[in-house]
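Engineer: Residues per chain, in single letters:
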Amino acid sequence: MSGRVLVVDDEAEIRRALRTGLSGHGFEVEAVAGGEEALAAAAARTPDVVLLDLGLPDLDGFTVLTRLREKSRAAVIVLSVMADERDKVRALDLGADDYLVKPFGLDELLARIRAVIRRQAAVASGDAVVRVGDLAIDLGRRLVTVAGREVHLTPTEYELLRYLALHAGKLVTHTILLREVWGAYAVGEPQNTRYVVAQIRRKLGDDPARPRYIATEPGVGYRLRVEH
Amino acid sequence: MRVDLRRVVPFGYALAGVAVITALIGLVRSRYAVPDISMVYLLLVLWLGARYGILPAAVAGVAALLAYDFFYVPPAGTFAVRGPNELLGLVLLLAAALVTGHLAASLREASERSSATAAEATTLYELATGALRLPEVGAAIALLCQRARSLPAVSRFTLVAVEDGAARVAGGDELDAGVLRRCEWSFQRGTSVGGSIEPEGLGLVRVAGRAREPVILPLAGGVAVMTIAAAEADQPQRRLLAALLSLGSLLLDRRTAAFQAHRASTLEASDSLKTAVLSSLSHELKSPLAALRAGLTALAGPAAGLDVEHRELVVGLDREASRLDRLVGELLTMSRLESGQALELEPRSFPELAGAVLDRMAPQLADRRLLLRLPDDLPPVLMDELQVDRLLTNLLDNALEFTPAGGAIELGARVAGGHLVAWVENEGPMIPAAELRSIFDKFWTGRASGSGLGLAIARLIAERHGGTIEARNRRSGPRFEFTLPVAAVESRR
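Residue numbers (my numbering), protein chains in the order written: chain R, 793 to 1020; chain B, 18 to 510.
There could be a bad hint or two in this list.
For the chain B half of the interface with chain R, some residues (derived, Cβ under 10 Å), not all of them [stated by the list, open to error]: (1) H300; (2) L302; (3) G318; (4) A373; (5) D376; (6) D393; (7) P396; (8) E402.
Not the full set, but computed from the structure, chain B residues with beta-carbon under 7 Å of chain R [what the hints assert, rightly or not]: (9) R310; (10) A311; (11) P368; (12) G372; (13) L403.
Stretch-level coverage of chain R by chain B, calculated; a stretch enters the list once three of its residues show a Cβ under 8 Å from a Cβ in chain B [claimed, not checked]: (14) 801 to 808; (15) 812 to 824; (16) 890 to 898; (17) 989 to 1003.
Hint data in this document are derived by calculation from the structure and do not stem from the laboratory.
Every residue, glycine too, gets a C-beta built ideally from N, C-alpha and C.
Let's have the full structure, built from the sequences with the hints guiding it.
Structural biologist: Here it is as structure tokens:
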């Protein structure tokens, strides 16, 4: 797999290590130290993936993320030494595709980069049926089956599952689910999403202690699993 | 003995008035025959009664009787009375004088009382509205002290706040250290010195020979200290003082509340300072590690072209860097927990959380047999899910370390007595009986690797949730069991 990667990090050693490591795996890498440079490079080079550190010297990382999202279609993976879930949720809410806590090994980063590139390709191809093991979500016919047997979902349950399926593999926060499933005027009550997910799991026969279809990320949200 | 002029003057007026009127009557009688001209004296009595009260009026009445008798009742020049008519006239004169004086004096007293009450009410109204409008409670207290000291009987007045057992002057006159100590004592015991606040006004106890000793009265957030001349403190002043003291009590209470709120916000600020220091420390420690790990793992990759021996060296170094990272992470977690960061308690499903943790640890758990004992009907648990996530992760990490490949790890939960009892049990070596408790101590060094903080963190998290944690040996290996409070039943519509 190849692609263009933009690394944004103020630590020179990290930039050097990532440039070397990622080039070795066939990626075309550009590395910059600041937020303004990052925005300029994202506009000029149209990277497929941006690796964005939140602690930048010139601009707040969240600001860079917001402005990147306004004008770039690149997938954004946020890199941060902050293991705080609130930072993670905020980055995801602002449109980050993934969040990786530093320090990390190159293998883990490569897996994340490949996953976001694959997701972009899947969205572009617009597959009508999303499959996870024996679960099939037919987006065209609004039909959900487990091992060929139809599962009846309420409209809310279906909309939530559909949103997860459209972003299969991506971690989706409670806030985004509330906004996308209940509408822009839904005000924060993550308990709603928890309740609906519990209902969907029950109907799909998915044991929350051994989830096969929907994975929980404590304090953040849910993710529809995908096999690689 | 000093004679108070103010008290003598009305009697002077009485006698002088009687003399003048007697002379006038003489003048009038020499030209006209006016019957009952003695009634003129009543005007004087009326004026004296209204102005100075009953005593000067009565004195004037008696003096008038005597003067009239002496000069104008025949035989003139003597106090003798000739017949019953004249006697009756004199008696009537005296009675009329006394009744008039008494009526005028009572009217005067009533009007004085009502104007004093009105003045008192006005004072309190102005002070109360002023005090409550003032944003700064100290200014309101100062205003109150100023008003109290303007009373004639009061020479010194101070409101003292007692905060954390220490007395400080909140407003009014300065006090010396000895008096402040007595204030603390009085406040703690709730004991008044030299007086008390009664429903009808301030009560004063006269201590012989110590008239100028300050009166100390405990209030809500402190005490009032005043030097007061008991003899001059009449009823209106005492009533007003009692009312001022009630208002002072309210103000001191408000001051104490403001003091406590300020202290709470200071504590909060020091908490957020701690958090900021920890964040910055975390950043400083983790950034070099991030560079190390990214570089080492890049170097270990096939693209770097290292031979097997060098690659293994680099992989080993990365393992050490990871270990350091874990240690730093646990130290920071421990500091955060110990700095008392608040828990975010929400009702959560324990099996769902366990599923998330197991999912994340699936790669490490792959070559162990995992047994789940999680009934379907477990109630929601009140927890900070990120903290319990860490607790469970640490217990599973610990179990993984001591479970040989192919060995079993069991994760289970049940409900007992309002608590969820959850456990992680593994096949492996027993824990020596002497270490079953100390294993949760910080930096417990019973094993070769690990920070010695994982189980200490687990215990801290369980305890902060109001639960317990313990280790014990089962047939095939150790079991770590912890409890969490079950959330109150919340019905869904």
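Engineer: If a hint holds in the structure, say so; if it doesn't, say that too.
Structural biologist: Each hint tested on the structure:
1. With a least beta-carbon distance of about 5 Å to chain R, the hint placing H300 (chain B) at the interface is held under the 10 Å criterion.
2. Taking 10 Å as the C-beta contact cut-off toward chain R, the hint placing L302 (chain B) at the interface holds, the least distance being around 9 Å.
3. Annotation: interface hint on G318 (chain B) holds; nearest CB of chain R at approximately 6 Å, less than 10 Å.
4. Satisfaction of the interface hint for A373 (chain B) is found here, the shortest Cβ-Cβ separation to chain R being roughly 4 Å, below the 10 Å cut-off.
5. Interface hint status for D376 (chain B): upheld, as the beta-carbon distance to the closest one in chain R is roughly 6 Å, under 10 Å.
6. Restraint check, D393 (chain B) versus chain R: the minimum CB separation of about 9 Å is within 10 Å; hint holds.
7. Violation of the interface hint for P396 (chain B) is found here, the shortest Cβ-Cβ separation to chain R being roughly 13 Å, above the 10 Å cut-off.
8. Given the 10 Å rule on beta carbons, the hint for E402 (chain B) holds: about 5 Å separates it from the nearest Cβ of chain R.
9. With its C-beta approaching chain R no nearer than about 4 Å, R310 (chain B) sits inside the 7 Å limit, and its interface hint holds.
10. Given hint, A311 (chain B) at the interface with chain R, holds; its Cβ is 4 Å from that chain's nearest Cβ, closer than 7 Å.
11. This hint holds: P368 (chain B) has a C-beta 4 Å from the nearest C-beta of chain R, less than the 7 Å allowed.
12. Residue-level restraint check for G372 (chain B) holds (minimum Cβ-Cβ distance to chain R is 4 Å; threshold 7 Å).
13. Among the interface hints, the one on L403 (chain B) holds; its C-beta lies about 5 Å from the nearest C-beta in chain R, closer than the 7 Å criterion.
14. A stretch counts as covered by a chain when three or more of its residues have a beta carbon under 8 Å from one of that chain; for the segment 801 to 808 of chain R and chain B the count is 4, and the coverage holds.
15. Counting residues of the segment 812 to 824 of chain R whose CB lies closer than 8 Å to any CB of chain B gives 5, which reaches the minimum of 3, so the coverage claim holds.
16. For a cut-off of 8 Å, the count of residues in the segment 890 to 898 of chain R with a CB near a CB of chain B stands at 5, and the three-residue condition holds.
17. Only residues whose beta carbon comes within less than 8 Å of a beta carbon in chain B count, and the segment 989 to 1003 of chain R has 6; three or more means the coverage holds.
When held up to the earlier numbered hints, the structure conflicts with hint 7 and nothing else.
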